[in-house]
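*Asks:* As they're listed, the protein sequences go chains E and B.
According to my numbering, the stretch in the first sequence is residues 1 to 394, in order.
According to my numbering, the stretch in the second sequence is residues 1 to 157, in order.
Hints in this document: simulated from the structure, not taken from any laboratory.
Take the hints with a grain of salt, since some may be wrong.
Stated by the list, open to error - In silico DSS-like links for lysine-lysine, alpha-carbon gap of 25 Å or less:
| id | chain 1 | residue 1 | chain 2 | residue 2 |
| --- | --- | --- | --- | --- |
| 1 | E | Lys343 | B | Lys123 |
| 2 | B | Lys8 | E | Lys161 |
| 3 | B | Lys79 | B | Lys110 |
Unchecked claim - To list a few chain B residues with every Cβ distance to chain E over 12 Å, as calculated:
| id | residue |
| --- | --- |
| 4 | Glu9 |
| 5 | Ala49 |
| 6 | Gly60 |
| 7 | Gly90 |
| 8 | Pro124 |
Claimed, not checked - Chain B stretches covered by chain E per the calculated footprint, using a threshold of three residues with CB under 8 Å from any CB of chain E:
| id | stretch |
| --- | --- |
| 9 | 12-18 |
| 10 | 32-43 |
We treat Cβ as the ideally placed atom computed from N, Cα and C, and that holds for glycine.
Given next are the chains, with one letter for each unit.
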Amino acid sequence: MNEALAAAVQGFMYPNEMELQWSILIVLYPYITGLVAGAFILASLERVFKVQAVKPTYRLALLTALAFLIVAPLPLQLHLGHPERSFEMYLTPHTSSAMAMFGFVYLWYLMAVLVLEIWLDYRKEIVLKARSSTGPMKAVYKVLSLGVDDISEEALRLDDKVGYALTVIGIPSAFLLHGYVGFIFGSIKANPWWSTPMMPIVFLFSAIVSGIALVLLMYMAVSVLKGQEIDMPCVDTIARYLLYAFIIDFTLEGVDLLHRIYEADESFASLDFMVHTKLFVSQILLQIIFGGLIPIGLLALTQMVSLSEKARKGIYVLAGTATLMGIFAMRWNVVIGGQLFSKSFLGYTTYKLDFATREGLLPAIVLLLLPFAILWGLVKLLPPWHDETAEKAV
Amino acid sequence: MSRLFGHKEHLVRMAGLFAAGILVFLLARALFVPKGFGTYGHYRAGALADNRAYPVKFAGRDACVECHTDVPDALKAGKHARIRCEACHGPLAAHAQDPTKAKGVKPDPKVLCVKCHLANVAKPQGFPQIDPKEHLGPNCGECHDPHVPGQEPQKKG
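Between the sequences and the hints, there should be enough to build the whole structure, so can you do that?
*Replies:* In structure tokens:
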């Protein structure tokens, strides 16, 4: 037996449980997918539910969703190795495999929902840029416009109509996208930490929470970087929705916890011990207290007490950051926590996070920064704010 | 508007792009999905013939006892009676084919025995298991006869 593995074990573990098979990369996967679904749902608030106040973040939210969706499958590819084989899942999909079928959901969401919706929303600017730019960028915008420079009122009205329909279809698609990630854990019946029908719902709401928090922070950061005034009614509204979504999410997770405590099945003593020992920092401190109760309290404070603009901004940054950390901790506790205890309920293992290995901390950090690099490129290509110079040029 | 589809032109072109994408996908499927895939199940039918083409590595117990006639009787008396020869001695089809060309290698008991008999709390209590650090003897074979494990322990002369 490997000495290092044996040293990581307390009590009794079956041989195949000692080493964790799902690493930090598998923690990143639901985290990134959740940010996509959440950002898209925030964007749909404006489009479908006509929340005008959040309009300044609409395009930024869509581009954020796209940048993160492009990166979402990469942790899986890195974890599995042989990325060329993933293509075979599309060629010969097995209908009884949720993972195989999800490949199509991912493709549908990427192409039919996000790319198309962004294209329709930006078409006017793309055409204007195709007219006004020079050099290779002119060709890029020309290709993006598909060679059609019709931005008549009638054509734009049509875009708006189709875009609206896409957003309506997009909402259940976003639910499916992240509901699936919870489903894949919730349906593993051999693991009592995962196996609950609550899992897809909890994942979905935590996704909404993390996506809203991300767009809130992104919007504030972008405004500061551009030297623009932060639209306070906009961030106030987003923060309010973040609070609502967080309360629902926290309640759902609370119901799940309460149900586990009351049901107290044969796994309970073991899981309870784990939460109080190995998962104490990541679950009790980071997820529940610093990543849950504190941001909820801070956001609730802004609703109950009249605070200055500066104080509200500070609270939003603090609450948003704590939220993103808390949701990451939640993914960590699900993925890593679910592999720390023995199916015999008599022992526990330890997760050793490497640094510069294929599944280490370094690639995880790179993968988490990559969407921001992609977003930077997307923002350069398709600025989410109103571009007056291009319009003036025409 | 001179375009064929009027104000819908860009939408028609985008739809065309999607149709082209689907066409490329179908072509890739026709090209890359191996022949015979799905004939018997969710795998390539030709994989069965590929597997059949591998050279046989195990001879089977019947082939062993044709020459090693004394071992089956000895095995009968012990707890290893139901263990097949090649489970311990390794694949020996080549040796069975021509014993002069390929010789079997005698397994090292120190390595082989603990594969099953190393102590582990997950094993049934009645199952003989040892901790090599505490168990006496530098080599299992000195006290135990792996063909007749029930008769020991006794030092061989």
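*Asks:* It remains to establish, for every hint, whether it holds in the given structure.
*Replies:* Structure-based check of each hint:
1. E:Lys343 with B:Lys123: Since the Cα atoms of Lys343 (chain E) and Lys123 (chain B) sit roughly 16 Å apart, the hinted pair holds (cutoff 25 Å).
2. B:Lys8 with E:Lys161: The hint holds at about 12 Å.
3. B:Lys79 with B:Lys110: Distance of about 19 Å is within 25 Å: holds.
4. Glu9: Non-interface label fails for Glu9 (chain B): nearest chain E Cβ at 5 Å, not farther than 12 Å.
5. Ala49: Answer for Ala49 (chain B): holds, closest chain E Cβ roughly 19 Å.
6. Gly60: holds, 30 Å
7. Gly90: holds, 23 Å
8. Pro124: Holds: least Cβ distance 14 Å, greater than 12 Å.
9. 12-18: With 4 residues in contact (Cβ-Cβ under 8 Å with chain E), the coverage given for the stretch 12-18 of chain B holds.
10. 32-43: holds (count 5)
Of the numbered hints listed earlier, the single one contradicted by the structure is hint 4.
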